Amino acid sequence: MVAPGRSADLFNYKRSLGLLFLMAVLLLLFVLLDLVTGTVKIPMKNLWGVFTGTDTGNPAWHTILFEFRIPKTITAILAGSALSVSGLQMQTIFRNPLAGPDVLGVSAGAGLGVALVVFGMGGFFMSESLTYLGSWVQIVAAWIGAGMVLVLVMAVSVRVRDIMTILILGILFGSAASALVSILQFFSPQSQVKAFVIWTMGNLGSLTGVQLRVLAISLGIGFLLTLSLLKVMNALLLGESYSKSMGVNIKVTRILVFLSTSLLSGSVTAFCGPLAFIGIAVPHLARLLFNTASHYILVPASVLLGSLIMLLADILSQLPPSGMLLPINAVTAMLGIPVVVWVIVYNRRFASIN
Amino acid sequence: MTDQHNIPEAISLDNLFVGYPVSMKAGKTVYDSITACAGRSEMVGVIGRNGIGKSTLLRTIAGLQPPLKGSVFLNGTDSRSVSLKAMARLISFVSTETVYAWQIKVNELVAMGRFPYTGWLGKLNETDREIIGEAVAKTGIEALLSKNLHELSDGERQKVMIARALAQDTPFVILDEPTAFLDLPARYEIFRLLSELSRHHQKTIVFSTHDLSMAMDVADKLWLMTDTGIYQGAPEDLLISKVFRKLFLNSPAEFDEKTATFRFKRNLEKAISVAGEKKFRMLTRRALERVGFQITDDHSGWVVKIADNNGTPVWHVNMNGQLLAFDTIYALTLYVKSLT
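Heads up: the protein sequence lines correspond to chains R and E, in order.
In terms of the working numbering, the first sequence has 214 at position 214, counting the first letter as 1, and numbering is strictly consecutive.
In terms of the working numbering, the second sequence has 1320 at position 320, counting the first letter as 1, and numbering is strictly consecutive.
Since the hints were made in silico from the structure, they are not lab data.
Possibly wrong hints are sitting among the right ones.
What the hints assert, rightly or not - Covered by chain R, per the in silico footprint, the following chain E stretches (three or more residues, Cβ under 8 Å):
#1 1090-1097
#2 1111-1124
#3 1195-1208
Said to hold, decoys possible - To give an idea of the chain R side of the interface with chain E (calculated C-beta under 10 Å), a few residues:
#4 227
#5 231
#6 240
#7 241
#8 242
#9 247
#10 288
#11 292
What you are looking at is a predicted structure, and each value in this text was computed from that prediction instead of being measured.
Backbone N, C-alpha and C define an ideal beta-carbon position, used for all residues, glycine too.
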């Protein structure tokens, strides 16, 4: 009797913890790599000295490290982990392996919110973009946009059970949001349009200190919500009937998951632009590596893997030698799309949820 | 009479209307005026044609959807006054809904049955492990524990879902078509398991099925959902009151109370009688009915006589003074079909 009881433990903790530790070490390595890469190379051996202020050989290094590199690295970690966790939550609550912030049009919804702020409140936004008020207005607009698309998709997916249909509808909602954005652009001055286009390419390095703080607070709340939902999300894997029969309040859970998803993906989209394919791809990589469906493992795994991949994308975006930066959005797409293709081609049994 | 009369029924449905809420006030009734009950540690089979509302009824009893009218009483308590959390410790549910979860393992799934009892981290204590171990042992799925859910056959998956329900450790277990998609041996296994649970582990089990003969074999009681109302009773009581024929009106099947099975309605025109070896008579009649003959006891018309030729049967037909012999039923049917 002992054997089945023992093996009924939810997870293979030891192996998973070991793997998580390995990823944490790798993350540290990537952080260091990201800090030394850029147009101005800071040699790895000088990094610690510059960081602590004892290496004063090149005073510019200190400024670059603290003003640019460290905020950018923090942003990459925040954005990567938040998008990945929100993608994981969406895949669970929609029971759809291809759900993710960008695929379902959630990022586009957040973009619409941002566009309304940028274009609608143009002058105000420009002058206030460095303040807490401006930052909060921008991020809240993104949450609302993201949340509205989520509610729309949910309302549809109650009626339509077919994964592909829901995805197509998500794409349509995203297109509708983009269309509204184009109309807004048409009526806006050149400078604002340019600011918006740059935003759509995605950027990890342009956040002001204020924005970074607002982002960190918002994501903190989102992650706390996620943590409170771990057990319930495991139950949701069995579908609504089973989770309800085990005592899960579906309505409350759905609201909380949407709230945390909107917070996580909306906030990142507000400041970093629509970073494509991280949210959909990373949860699959996590499942593949850890071979589990449990959110107790998948959430920390997605945080670590998401951070790793976003840092990798950032490092890769700085590869062109001429000092040019590739748009981060393009790099994340190139990294994420193969994973999505793999999911579609090799996991045919997930093609239907009925 | 003992004081058993004061103990409420385990499940009691009181003028229950089941269906789906359409708006805040209105609902679409699927089946109305259900009054039925189930005793403690009884096994109740719910029978009815497709779409009559078996699933809706079971989901309503399990608390997955609210009654539109009337009440479900569980051990005498109106289910409306039971919280979602308390309900999870009272009733477990098994449906035919396929679980699509990536990389979910059998042991993880069974352990999820402990959901209503564990804390935020879902950590299992000794009691939890013991109950999970028992659920695994009762359903005999030890060998499957480390497999992924999608590696299992339909029968194995159903056993795993039942094990999960057992891990939930509830006095009531509701199963919506637990044997759908299963082959015959797997169906027997599931039903044997369920009847064991009700007999020896004091579970009150309500299940729906299309497998009438098996349900009649195992159920203490049937709830027969017909288009003219719900009938309840021991399968044999329902046989006596001849309500089975109300199950499928306007269908090509008719219920034969003698054999307790459904069979094709036939338009039998020609009469024939069967005599001789008793042990082969039933099969011979069956075959003759299939090819359109009415079996009579009147031996003045066509007669099939079965003779025993050292253990192997021979069928004789006397036709215009000529005695024909057939050594298989098939040859016999070929011949009688040519008679018109």
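Checked against the structure, which of the hints given earlier come out wrong? 3
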